[in-house]
Each structure stands twice: as C-alpha cells, then as structure tokens.
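Q: For reference, the chains in residue letters:
There are 2 protein chains.
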Amino acid sequence: MNERVKYTLNEDDIPYTWLNIAADFGEPAPILDPATGAPITRAELCRTIAEPLVDQELSTEPEFEIPGPVRDIYRQWRPTPLYRARRLEIALDTPARIYYKYEGVSPVGSLKPNSAVPQAYYNKQIGKTGLVTETGAGQWGSSIASAAAMFGLTAQVFMVGVSYRQKPYRRALMEAYGAVCNSSPSPLTAAGRAVLAEDPDHPGSLGIAKSEALEVAYANPDLGYTRGSSLNHVCAHQTVIGQEAMLQMELAEDYPDIVVGPCGGGSTLAGMCFPFLRDKLRRGRDIRLIAAEPVACPTLTRGRIAYDHSDAARLTPLSRMHTLGHKFVPPPVHAGGLRAHDISPLISRAVENGLMEAVAVRQHACFEAGVLFAREEGIVPAPESAHAVRAAIDEALRCREQGQSKAILIALSGHGHFDLAAYEKFQAGLLPDDEPSDEDLELGLSSIPDLARA
Amino acid sequence: MNERVKYTLNEDDIPYTWLNIAADFGEPAPILDPATGAPITRAELCRTIAEPLVDQELSTEPEFEIPGPVRDIYRQWRPTPLYRARRLEIALDTPARIYYKYEGVSPVGSLKPNSAVPQAYYNKQIGKTGLVTETGAGQWGSSIASAAAMFGLTAQVFMVGVSYRQKPYRRALMEAYGAVCNSSPSPLTAAGRAVLAEDPDHPGSLGIAKSEALEVAYANPDLGYTRGSSLNHVCAHQTVIGQEAMLQMELAEDYPDIVVGPCGGGSTLAGMCFPFLRDKLRRGRDIRLIAAEPVACPTLTRGRIAYDHSDAARLTPLSRMHTLGHKFVPPPVHAGGLRAHDISPLISRAVENGLMEAVAVRQHACFEAGVLFAREEGIVPAPESAHAVRAAIDEALRCREQGQSKAILIALSGHGHFDLAAYEKFQAGLLPDDEPSDEDLELGLSSIPDLARA
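So the protein lines, in turn, are chains E and B. So the first sequence is numbered by full-length UniProt numbering: it starts at 1 and just counts up by one. So the second sequence is numbered by full-length UniProt numbering: it starts at 1 and just counts up by one.
These aren't lab readings, by the way, just hints derived from the structure by calculation. Because the structure is a prediction, the values reported are computed rather than measured. C-beta atoms are modelled at their ideal positions from N, C-alpha and C, and glycine is treated no differently. A hint or two may mislead.
[Stated by the list, open to error] Cross-link-like lysine to aspartate or glutamate pairs, in silico, DMTMM-like; alpha carbons within 20 Å at most:
1) Lys6(E) with Asp13(B)
2) Lys425(B) with Asp13(E)
3) Lys6(B) with Glu175(E)
4) Lys6(B) with Asp13(E)
5) Lys6(E) with Asp72(B)
6) Lys327(E) with Glu442(E)
7) Lys425(E) with Glu376(B)
8) Lys6(E) with Asp12(B)
9) Lys406(B) with Glu250(B)
10) Lys6(E) with Glu175(B)
11) Lys6(B) with Asp24(B)
12) Lys327(B) with Glu435(B)
13) Lys6(B) with Glu11(E)
14) Lys6(B) with Glu435(E)
15) Lys406(B) with Glu175(B)
16) Lys327(E) with Glu435(E)
17) Lys6(E) with Glu89(E)
[Said to hold, decoys possible] Here are a few chain E residues that face chain B, going by a calculated C-beta distance under 10 Å:
18) Asp72
19) Gly354
20) Glu357
21) His417
Next up, chain E with everything else stripped away, as it sits in the complex (with noise of 0.2 Å):
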C-alpha cells in the first residue's frame, strides 16, 4: 500500500478548451424540426437555447475555449483526483490495474456542474434572467440551481415526480440553492395538464418533465432552457473530465487499455471518453470504450438507430440517435440517471461506428459493486456510477480468469450520499432487479416516427 495511489494535477492543468468530437465524424446527421420534418434553423433552436450555446451545439470545430469565468469556477473543484484502486484489486485477486476519477468533489457531489455551470454562464451573458430545466434524480437540477445562484439567475427545475416524491432532499438542497423545484407532471403547463387529466397521479418521466420545461421556455424568452445531458454541447463540457485524466494517467506512467463510464443520457461517457477516442483516432491508439447502461434501459444495447424525440409531447427536434423509442418507460431503477429512452447523438454515433461498446448490467450486480466499491476504497458510488464500476469489475475479473494486467480506467461520475435509500433496500433484500418486457419495449419502439430518412 505504500505505493502512489492518487494522481494530482495543479490548477494550470485544467484544461483551457472543451473538446468537441463532432470534428472528427465527418458531416452530422442534421436535427430535424418536429412540426415541418426538415432540417431545423439555426434561429428555431435559438428561440429556447442560449445562442452560444446552439453555435457549439451545430459546431463541427474540433474544440471551444473555456470562458474565463467558467474555468475560474471550475478551479474550486477541478482538477479532480484519479485514484488506483489498490484495495479494490487486491479484493479482487486481479493482475489488473484499476483507476478511478472521482468526480464526487464537487460541491453537489457530482459531474454535473462541469456543463451547469457554462450552461448559467451563457445564458446570463446574453441576458437571460433565468433559467428553467427537467432534471430525473436531482443531480441536474441541483446543478443547475446552485450554477443560476452564482450568476444571479432564477432557476426553474421540473423534477420527475416519482423521484419528488422519494427524493425529497434532493428538492430541498435545489431550495437551499434558490431554486423552484416542481414535481412533473404539473398543473404549470399544458403538456402537465394534459397527462394528470388522463392519470392525476402519474408518476412522470424525464420526458416529460423535458416538454414542461421547453413549454416554459417558449413561453418566456427571458428564461433559458437547459440540458443536463445528450446535447453535443453539454458533452463537450464534460470532456475536461477526459483531458484531465489523460494527463494523469501519463502521471502514472500508464494508459488505459479500457475505458469505462455509465450510460444515460451520455455525458458522463462522453466526458471521459472523447479525449480518449480522438487518441484513438487521431493516433491510432488500441483501447476499448465500454457504455454500461442498465438492464432495465438497454438504449444501446436493444434500441434502434432512428430519428426520434427527446421528449414525451415531442416538442424536441428529432435526432438521429440509438432510442427505445419516446414513449418507453422503464422500470423505476435507482440510477435514475440512466433512465432515458434515447440517448447522445455521437455517442451513438460512435457504437454505431464500432468505435465504443455497449454492455447492459443489472441492478442488482451494480450495487453488488457498489457494496464492494465503498468497503474497499471508502467511497459509496452513485448507482449511476456503480453500472461503471460493475463493468470495470467484470473486465478485471476477466483479467483474472485470462492472466492479463490490463489497465481500466472507470468515470466514476459522483457519490452516493443521496441515494442511501437504494441501497439500504438492496441490503434488506427489497431492491427489484427488473426488466422491461418484451411488450414494453415493444410498445416503445413502436413510438418512434415513422420518417423515411431515418
């Protein structure tokens, strides 16, 4: 144990631009726009996100500089630390060697102030009084209203109401930041209205609380949307999570032969491993990019490349992208985070192009992982974070069985101090392992629009 286990970098290292790994896929599939079913304007997308913003959303420039201000606010909590797991690999029995980056220091405990934050710094630039939002379990929305709070912006958070309901900490520490937190569907819009008239007591989804969110923003252009995950641009924020770990693993004299992170939405993968795919591309460096998505919302693993919306009201343009379709609703998982029908356009763009990999873990495996994770190094990973360190445990225990000292390297995407009730449940044996049917996957698929382009 006396050798090194954190690798530490100074605040010069973090990074100055944000990479943007559209640049090296050639010409994107274009958005199309949900009323007419061609390609969107440039102003269209303006009229509820910050034109900043949507100029790096249809960016195929190879990188963005960092504001100024932003990477000012990034240094209270970047760089962040990437360890070697020493006790996990000995627990193990593993010749591999096993990383983690840890991006649980931040001030809401996870990796999304990475893109918050640019996300309230735009939109305060261009003179937007707030903000407004849909967040799944909290940890956007946490973001987001601690990000508004620095800017002096109001910030709105439509919160899926089932976790409103089960996560209630969550909503109060939005509150404590300033925040108005409503539990989605709501009575506020007419997409909310239109879902408690048919069920008053349904328990919401990420897309819907997307359409009352949007439904806000088109109706108060003095407010900005924005999105915690997916979108290329927030994707390119999060990649100072990649830069800043490719230069610690040169620290450590090493480099990763996997990369894995969780997978949702896509910016916690797409954060950690665009850096590491443009090595690969650019450099023709070997190395396996793993997305760990859940069972219960196997988007890459069961869905289909197609056109389709982000949102239940399909009030989102439509994009190319893997999707269970926009009406699939999964099984009420804990990792709430990885609960989206579709997911990143590049991201899947780059499965689609066999340059990442996809593997769907259960429940019930991941906080298995994520039980071993914190006896052994301390730290009790957020179920999003467990699905990584699930799969990071399966390679190395491959390892293991094949005599092979790889180098993995896993996004450990934040702590899991607010998701202590999951665990305690799967601890007493109550946490299901569902999940969906064949018929709600089918139903699902069945929803996405039937375009000849797709």
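For chain E, the structure is supplied; the task is to place chain B on it using the hints.
A: Below, chain B without anything else, positioned relative to chain E:
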C-alpha cells in the same frame, strides 16, 4: 473573480506528525477513576482503548509521528482545499478577507476520518478484531464504519435513537460499509435496558450511547472502544487540518487575524486552531481563536469548569473541563455533532486561560448563514459547520462597520448533504430556535459530581 480562490498543496505537504497541544499547557489535570475518584491508571484506560491511543492521550510530547499506512490513506482526500470566499465577501460587502478550509471532500463528507483511520489502524495493530463506538448524527459512526472496513475490522455503532430514526440514510451508509448500527438506548446493554425500563420511548442521548458502547467494550476485550471527539488523541489527529491551513495561508501570502470553528466535543476546533495556538504561544502571533457553539448547548459560555463524566451512566473517567452536567439534555437542534454537555479538556483549558474565545449562536442564524454560504460559494455546509460560518459572517460584518480588513479563516468541517431535511424545515419556517430553560440548565449543572478537587 480572476484572482486566485483556491490554495492547493501537494501530497508531500500532508503533515508527517500530529501536533499535541498538551505539550504547551504545562502539567495536565489528572483524569480520575469513576470508581475511586483517584487518578486513573494507564492499565484501566487500556481496558477499553487501544494502548497506543492511551499513550497519546496521556502524552505531553509536542507531536506524534503519523504511521505510514495512515498517511497513505489520508492521501486519498488530503491535503484538503483551502478557499478564499470571494463571492461571499462581495455579497457581504465586507473589506474582510474570508477563507475556508473544506473537509467535505473526504469520502464520507466530513473531517471525522482524520481520526477514525488512525484509531482503526492502532486497534488492528494490537490485535483487536473490531471496533465499538457511539455516534450522534452519524458522521463519526460512518467514518468508523469505513475505517473498520479498510482494516478488516468489525464495527458496532450505538446511534442516538432520535437520530437513528430521523436520519436513516446515515445508518444506511454505515451498513453499506458493513457496520452494525443499533438505536440507543438499546436492549443490548444494561445501561440501555435501565433507560428503556424507565421510558420505552426514550429518544436517547450521546451520553447514553457512550455508556452502551463502553459497556460492550468492557465485556469484549477483543473490541476496541473509539471516540470521535473531545479526547486529547482525537484532537491531535485532527491537527492535520490546521497544519495544512497554515501552509495554505502562506501560499495566499496572508495570515488569519481570526480563526473560527464549530464547537461540540471540540475536535474540529482543536484540529484547526491548535497549530495556530502553538504559533501564538511560541511566536507571539496576534490571533483570535473563536469557538462557535449553539445557544441550545452552551457548554463554554454557560457551563462550569469542573470534573465530570462524559456519559450518562458515569462509566467514563472524570475529566476537568467546561460542562453543563452529564444529565443535561439539550433541545434537539440539528447540529447533532454539537449537542455535547462536555468538551475537550484541552479546549476548555485554552478558554480558561484566555487563549480562545467562545460565542454562542442561534440555530436560525446558523441556517440563514448556511443558505447564504451555499448560494455564494456553492457548498451547503453541515449544520455544525454553519455555526462557524455564522460567527465568521458576524466578524466580517463587524469589519465592514469598522472599515477594517481582517483575515478570517473558517473550519468548514463537512458538507450538509445528509442534513437537507433540516434545511428544508428552516426554509419552510418550521425549524425551532430553542434555547434551554434556566430550569434545564440548573438540572444539568446540579448533576456535576461534588468533588473537592474540582
């Protein structure tokens, strides 16, 4: 905002020794045996506490070497960051320079592992197979649970009943680490059974939980009893905080005029202040050291200096210190870590000798400060830490009134992610702001043993 806000150290800057302020205080008052009233023997202390820790407890050496394996584990989260609170300064419109040292980046989110790790290490070293301890709000219990797991020890935690029920997630955290957590008073001990016989619904107290843990330790020589605050060795372990902070203030080319810490048992305060206190004593530095305690539990501001027990069942030795009496029961404020009737004898002595000051702050004022701090600095402070934030803000406002630019350093002991129910109540106007009645105080003070030597 382009000025530096974070002062980062390297791993080499993690201290190699713990500082023992007892060396600077001259002959210590003896600890008395609860059975005989005579000075306690080393052998008696060793019946429950690991011998190397007893050696530290009784030592007047100026420092103790930090064992290599302990320092290796410290490296996971140490050195912790020290920040300049620029946004808070601007919000307060104060000429004061406010700094905070943030211990919330540890895996459990507080400073407690600084002592839990060495206590687990020494117990393992002398052949104990497990640890037993008490915990109030659960910060110490979860730190012991994690440290025990790292060293392959069992952990049994007696958690104050009211917190056990109010904070199920702290308990779930301990269980995730593999510890057994019992609600106190419990039917597992004579001390617990005696309390339950009088009142089956007794909410418990830290004093009762201590009695239960000690009883288990006396009955099981294989188990080591550990304490999360107050004792000299615990204060020493926490001095890694102040030692690092001194280096970081040098990086900031500044030196604090005022250092403020929350004060319950006293280990946060001691950990931050004792290195500065030594500087004050040995180099004549002009510095004010302030203990911020709750009005609800005013040990330093309204207690007496006397010999008293630390526990309700009077199993602990008698120490000379400020005390409200071992039968004092404070109102149920949410800073569970500050609800101790007694205090570190070393802190007590520093206050008695005029080397430290104490202020008592109200619960509402603390949460108000916590909310302001969260919005400006992004970090939601634990309620304990919010006491120090409150006292620091009051000093900063005084600087504004007086047109003075003082440097104020806050010991921010942990994040409030487990305490959001309290923030929620505060924001909803439902948090009480109780102080003890004169009768409650008199009842407590009258339980102080009548010893001629006190």
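Q: Check the structure against each numbered hint from earlier and tell me which ones fail, lowest number first.
A: 2, 3, 7, 10, 11, 14, 15, 19 and 20
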